[in-house]
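*Asks:* Protein chains in written order, with our numbering: chain A, 1 to 315; chain B, 316 to 596; chain C, 597 to 945.
Quick caveat, the hints were computed from the structure, so don't treat them as lab data. There's no promise every hint is true.
Below 27 Å or equal to it, Euclidean Cα-Cα: the simulated DSS-like pairs (lysine-lysine) are [claimed, not checked]:
#: 1; chain 1: B; residue 1: Lys-583; chain 2: B; residue 2: Lys-485
#: 2; chain 1: B; residue 1: Lys-583; chain 2: C; residue 2: Lys-780
#: 3; chain 1: C; residue 1: Lys-763; chain 2: C; residue 2: Lys-773
#: 4; chain 1: C; residue 1: Lys-726; chain 2: B; residue 2: Lys-485
#: 5; chain 1: B; residue 1: Lys-485; chain 2: B; residue 2: Lys-595
#: 6; chain 1: B; residue 1: Lys-595; chain 2: A; residue 2: Lys-306
#: 7; chain 1: B; residue 1: Lys-485; chain 2: C; residue 2: Lys-918
#: 8; chain 1: C; residue 1: Lys-715; chain 2: C; residue 2: Lys-726
#: 9; chain 1: B; residue 1: Lys-595; chain 2: B; residue 2: Lys-583
#: 10; chain 1: C; residue 1: Lys-715; chain 2: C; residue 2: Lys-805
#: 11; chain 1: C; residue 1: Lys-780; chain 2: C; residue 2: Lys-703
#: 12; chain 1: C; residue 1: Lys-726; chain 2: C; residue 2: Lys-763
Chain B stretches covered by chain C per the calculated footprint, using a threshold of three residues with CB under 8 Å from any CB of chain C [to be verified]:
#: 13; region: 372 to 385
#: 14; region: 410 to 421
Glycine is no exception: its CB is placed at the ideal position from the N, C-alpha and C atoms.
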Amino acid sequence: MRQSSPLSTTGAGHVAPDIFAAGGRRRRKWRRTLFPYLLVAPAVLYLLMITLYPGVYAIYQSLFDVRFQGWTWAGTANYERLWNDREFWAALGNTLIIGGIALALQCALALLLAYHAYRDPFVRGWRIIFLVPMLFMPSAVAFIWKLAFNDGRVVSDLLMRAGLVSDNIGFLSSVWLSRMTLIVADVWQWTPFLFIIFVAALQSQDEEVEEAARLDGASWPAIFWNISLPMMRPVIAVAVVLRGIDISTMFANVMIMTQGTPGGSTETISYFIYRIGFKTFNFGYASAISVVMLIATIVIAQVVVKRAFRSGSTP
Amino acid sequence: MMASQRRKRGESRILRYLILGTWALFCIVPVLWFLSIGFRPRTEIITPSPIYWPTFSLDAWWLLWGDWPMGHYLRNSVLAIIGSVLIDLVLAIPAAYSLARYTYRGRDDIGFYILSTRMMAPAIVAIPIFFLFRNMGLLDTVWALMLVYAAVNLSLVTWIIRSYMIDIPKELEDAARTDGASDLRILWEIIIPAVLPGIITAAVIAMIFAINEFLFTLLIASTRNAYTMSVALANFTGGSDGVIYNAIALAAFIAFVPVFIVVVLIQKHLSRGLTMGAVKG
Amino acid sequence: MARIELSGIQKRWGSFWGVRDVDLDIADQEFMVFLGPSGCGKTTTMRMIAGLEEPSEGEIRMDGHVMNDVDARDRDVAMVFQGYALYPNMSVYENIRFPLRMRNVMKSDHDRRVREAAKLVELSDYLDRKPHALSGGQRQRAALARAIVRKPQVFLMDEPLSNLDAKLRQTMRVQIKHIQRQLKITTIYVTHDQIEAMTLADRIVIMDKGMIQQIGTPDEIYNDPANTFVAGFIGAPPMNLIDGHLEGGTFSAPGVTVPDLAPHHDGPVILGIRPEDCHVAETDAHLTGQVYGVEPTGDMTYLSVLAGEKLIEVKAERSYRKPLDVPEQVIFDRERLYLFNAQTRERLR
Numbered sequence: 001m002r003q004s005s006p007l008s009t010t011g012a013g014h015v016a017p018d019i020f021a022a023g024g025r026r027r028r029k030w031r032r033t034l035f036p037y038l039l040v041a042p043a044v045l046y047l048l049m050i051t052l053y054p055g056v057y058a059i060y061q062s063l064f065d066v067r068f069q070g071w072t073w074a075g076t077a078n079y080e081r082l083w084n085d086r087e088f089w090a091a092l093g094n095t096l097i098i099g100g101i102a103l104a105l106q107c108a109l110a111l112l113l114a115y116h117a118y119r120d121p122f123v124r125g126w127r128i129i130f131l132v133p134m135l136f137m138p139s140a141v142a143f144i145w146k147l148a149f150n151d152g153r154v155v156s157d158l159l160m161r162a163g164l165v166s167d168n169i170g171f172l173s174s175v176w177l178s179r180m181t182l183i184v185a186d187v188w189q190w191t192p193f194l195f196i197i198f199v200a201a202l203q204s205q206d207e208e209v210e211e212a213a214r215l216d217g218a219s220w221p222a223i224f225w226n227i228s229l230p231m232m233r234p235v236i237a238v239a240v241v242l243r244g245i246d247i248s249t250m251f252a253n254v255m256i257m258t259q260g261t262p263g264g265s266t267e268t269i270s271y272f273i274y275r276i277g278f279k280t281f282n283f284g285y286a287s288a289i290s291v292v293m294l295i296a297t298i299v300i301a302q303v304v305v306k307r308a309f310r311s312g313s314t315p
Numbered sequence: 316m317m318a319s320q321r322r323k324r325g326e327s328r329i330l331r332y333l334i335l336g337t338w339a340l341f342c343i344v345p346v347l348w349f350l351s352i353g354f355r356p357r358t359e360i361i362t363p364s365p366i367y368w369p370t371f372s373l374d375a376w377w378l379l380w381g382d383w384p385m386g387h388y389l390r391n392s393v394l395a396i397i398g399s400v401l402i403d404l405v406l407a408i409p410a411a412y413s414l415a416r417y418t419y420r421g422r423d424d425i426g427f428y429i430l431s432t433r434m435m436a437p438a439i440v441a442i443p444i445f446f447l448f449r450n451m452g453l454l455d456t457v458w459a460l461m462l463v464y465a466a467v468n469l470s471l472v473t474w475i476i477r478s479y480m481i482d483i484p485k486e487l488e489d490a491a492r493t494d495g496a497s498d499l500r501i502l503w504e505i506i507i508p509a510v511l512p513g514i515i516t517a518a519v520i521a522m523i524f525a526i527n528e529f530l531f532t533l534l535i536a537s538t539r540n541a542y543t544m545s546v547a548l549a550n551f552t553g554g555s556d557g558v559i560y561n562a563i564a565l566a567a568f569i570a571f572v573p574v575f576i577v578v579v580l581i582q583k584h585l586s587r588g589l590t591m592g593a594v595k596g
Numbered sequence: 597m598a599r600i601e602l603s604g605i606q607k608r609w610g611s612f613w614g615v616r617d618v619d620l621d622i623a624d625q626e627f628m629v630f631l632g633p634s635g636c637g638k639t640t641t642m643r644m645i646a647g648l649e650e651p652s653e654g655e656i657r658m659d660g661h662v663m664n665d666v667d668a669r670d671r672d673v674a675m676v677f678q679g680y681a682l683y684p685n686m687s688v689y690e691n692i693r694f695p696l697r698m699r700n701v702m703k704s705d706h707d708r709r710v711r712e713a714a715k716l717v718e719l720s721d722y723l724d725r726k727p728h729a730l731s732g733g734q735r736q737r738a739a740l741a742r743a744i745v746r747k748p749q750v751f752l753m754d755e756p757l758s759n760l761d762a763k764l765r766q767t768m769r770v771q772i773k774h775i776q777r778q779l780k781i782t783t784i785y786v787t788h789d790q791i792e793a794m795t796l797a798d799r800i801v802i803m804d805k806g807m808i809q810q811i812g813t814p815d816e817i818y819n820d821p822a823n824t825f826v827a828g829f830i831g832a833p834p835m836n837l838i839d840g841h842l843e844g845g846t847f848s849a850p851g852v853t854v855p856d857l858a859p860h861h862d863g864p865v866i867l868g869i870r871p872e873d874c875h876v877a878e879t880d881a882h883l884t885g886q887v888y889g890v891e892p893t894g895d896m897t898y899l900s901v902l903a904g905e906k907l908i909e910v911k912a913e914r915s916y917r918k919p920l921d922v923p924e925q926v927i928f929d930r931e932r933l934y935l936f937n938a939q940t941r942e943r944l945r
C-alpha cells in the first residue's frame, strides 16, 4: 500500500476487478465497435426516409397510370412515353442552357470581383453590400425581377429613355429574352455566393508567393492567372458543383416569372415535373420522370461530386 | 493581410473601384427600388410607364396585417424553421462526431451518402413526399414543413459541424478518456462547447435555407395554417388587380431584415459554412 | 503497487511496424524515461500503456493483471500531453476537477483535492482563469495538476516540456521530479531530449525504429552503451565514432592508430571515444589531422579535427585558440575507449 502523501488517498485506486471477467471484456469491446454506428444511425435513417422511401414509392407509382378514379397498371408505358416526349427533352435542354449560361456568367463575375476585392481592406468593410442579394428569399428575388422586366416594365423604360430601344420590350414573348430574365435573376442573387467563397479562398493563399512572383517581374493579372487561379482550382470545383446542383433545380424563378413561356422554352426540369404532376395530375408519368432524374442525379453525384469534394475539402 | 502590399497596385485602383462600384450599385439599386415599391399606394405600381417619384403610402402594411394573415405566415415560418433546425441539431451532432472522430468500415460511404442528399432536387422526391403527407393526414400542417425542412438541411448541418469537429486536437479527447470520461460525456462536455461557432453557423445557414424553401412548401401548404413567408408571397394576388407588389415587397423586407442581421454576425464563418467545410474562411 | 510489465509487444499498421519486440518491466514508483528520436515508437508504446492504442500482439500487465482489453477510462493512469490538452471551455479549477467527476469521487472531496493539487504546482492564484488566459508554463502546470489530482497508479508524460523555453524547462524538470518523489507514483516519461532523460530517470529505455536499443540507468547508458545508436544518441556533443580496422590488437583508420587493444576482436570495427575523453597532445598521439573548427563557449572550447575524411570532436581547454587548417594531434583516454562491430553496430566487449 502506498504510504501517506500530501494528497488524500480516497478515490479510484485500483481497477475494479470485475472488468477482468471475460464476459465483461467482450461486452465492452462489442459496444465500442458499435458505438460510432449508433451515433450516425438516427441521421442516416431519417435521410433514408426521404430518399429510399420516395425512391421506392416513385418507382412503384411510375409503373401505373394514376388517375382520380384509381391506378391502372401501365408497366413501362410511362417510360416509353418519356423517351419520346419532346417536352421532356426540351425541359432538359432548357435546364442545361439556362443553368449553364447563368452558372458560367456568375462564376466569371464572381472571379472578376473577387480578384479586385481580396486583400483590399477598404473593400472589406463594404463587402456586406455584395452579400445583400443573397439574403432575400428566392421567391422575393423572382418577384423583383418579374416586376422589373415584365409587369412594371422598368427595364424597358430605362432602355427607351437611354435611346437604345424605341418601344416597350415584351420579355416574355421572345425565347431568349425570356430566358435572359431568368438568368439575370439567378446571377443577381447568387453571384455573391461564389464571390464570398472565392474571396475566402484567395485570402487564404500565401501572400509571400505573390510577392515572390512580383519580384520576378509578373504583373498582377499575370500573377492571378498563373498562380492564384490555379491554386484555387479545387475551391472553384466545389463551389461550382454546389451552385450547379442548385441551378439545375431552378423552380421558383420559373414558376413566378415565366411559367415556362414562351412555348415551354423556359421550362426547367423541376417545373416540368411539377406541371405534369400538379397541373395535369398525371402522377404516374410524373413519377417516371422523377425516377429517371433520380438515377441521373445518383450517377452525377458519384462521378462529379465525389471528385470535387475529395480534392476540394481538406479532410 | 497587409494593406501596404496592395498600395502597389495603385495603377489599377481606379479600374478596381469602378468595377466593384458598378457591381455594388447593381446589387443595391434593385433593392432600394423594391423597397420603394413596398411603400407605394396600389395605384402607383403597375402603371403604363414606371413612376420614379412615387408618393409615400403605408397601404401595403395595412394590407399585410389586415387583409392577409401575415401574423400566421410569420408564425408558421418561425415555428417550422426553429423546429426543423432543432431536429437537425439533435440528429446531426452525433452523426458529425461519428464521421469526424471515429474510423470504421463504411464511414466514408455513409458520409458520402449524407452529403449526396444535399444534391437532390426537391422536384424529384416532391410527389412521393406529397403522397406520404397526404396519407398521414399531415398536409397543410407546420409539422410536415418541419419534417421536410429538417430532411432537406440535415446533410448541410451534419457536414458543417463535422468540419469544425475535425479541427479539434485529438489530444483533447485522449485527455478526457484518460481522465475517465465516457464517449457521450466527451461529446457533451468537451466537443460541443468546442465547436459552438460551427453549430451556430450550421443552424443559421439551415434556417436561411428553410426560410427560402419553396417547392415543398408550395405543395404542402394550402391555407394559412401552413403558408410560410416564402410561399405566401406568391399568394398576394387580388383577383382582377393581379399581383399586389407593394405587399410582396414589404413582406420580402420583413423577412430580409433578420436574415441580414444574423448573417452579419456569422460573416466570418460564411464561406466555411456554405461549402460545408471545403473552404475555410 | 503499480508494477508495469510489457511482454512481446508489437504494434503494426498495415505493413509498417511502429513498435517491435518490446519486453519491459517497470518497478513500482520508478521514474522510467522512454528516450529516442521522432518516430522511434516511444510515444506509441506509452499510448498502449494508457489504453489509447491497442497492441497488435503481446500483453500489458499492471500489477499482474492483463490490461489489454481494459479501456483507457478504466485504467488508473493519468496522462500529461505534449500540447497540454486542457479543456478550453472550462476554468483551471474545472479542468483539474474533471477527472474527479468522471471517476465518481465524493463531491465533498472535490474542492479540497483540487486546491491541494493546485498548491503543489503553484497555480493556486489562477484557478479561475481559462486556459487561453494562461502562459505556456502555467498551462503545463495546470495539465500536471489535472494528472495529479486523481492520485493515479501511473503517470504518463508525453514530452510535456517540449513547448517551453529552455529556462522554464529546467525549472519544470526539477519540479516534476520533486513531485514524483513526493507522490511516489510510477512514472513513464517520453522525450527526445537526452538531458531530460539523464536528469530525470531512474532508468532509461532507448528506442529506435520501434525497437528497444538498451535499458539501463543513466550511468549505464552513458558509460556502457550497447550499440553505436545508444552511444551516439547520449552525450552532447555525441561520441566520436570512427570506422576502421582492428588487426593484431591495433586499430587503424585514416589518421588514427591505437595500439594494444584486445586482439580477439580483429576485423572491421568502429572505435568510439567521447569528446571529453579526447585531449590535445604534443606526443604519442592516437590521431593526427588538421584543425577544422574552433568554437569557444566561455567555459571550454569545442575543437573539430579533420583526420582523413572524418571529423572528430574534442572538448579542449577554454584557452585553446589555434587557427584553422594547422596540423593537430589528439590522444584518447584508453580507459574510455569503446569498440563496436562494424556490421552489427553492437558493442564488442
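*Asks:* Could you tell me which of the numbered hints above are not met by this structure, giving the numbers in increasing order?
*Replies:* 2, 7, 10, 13 and 14
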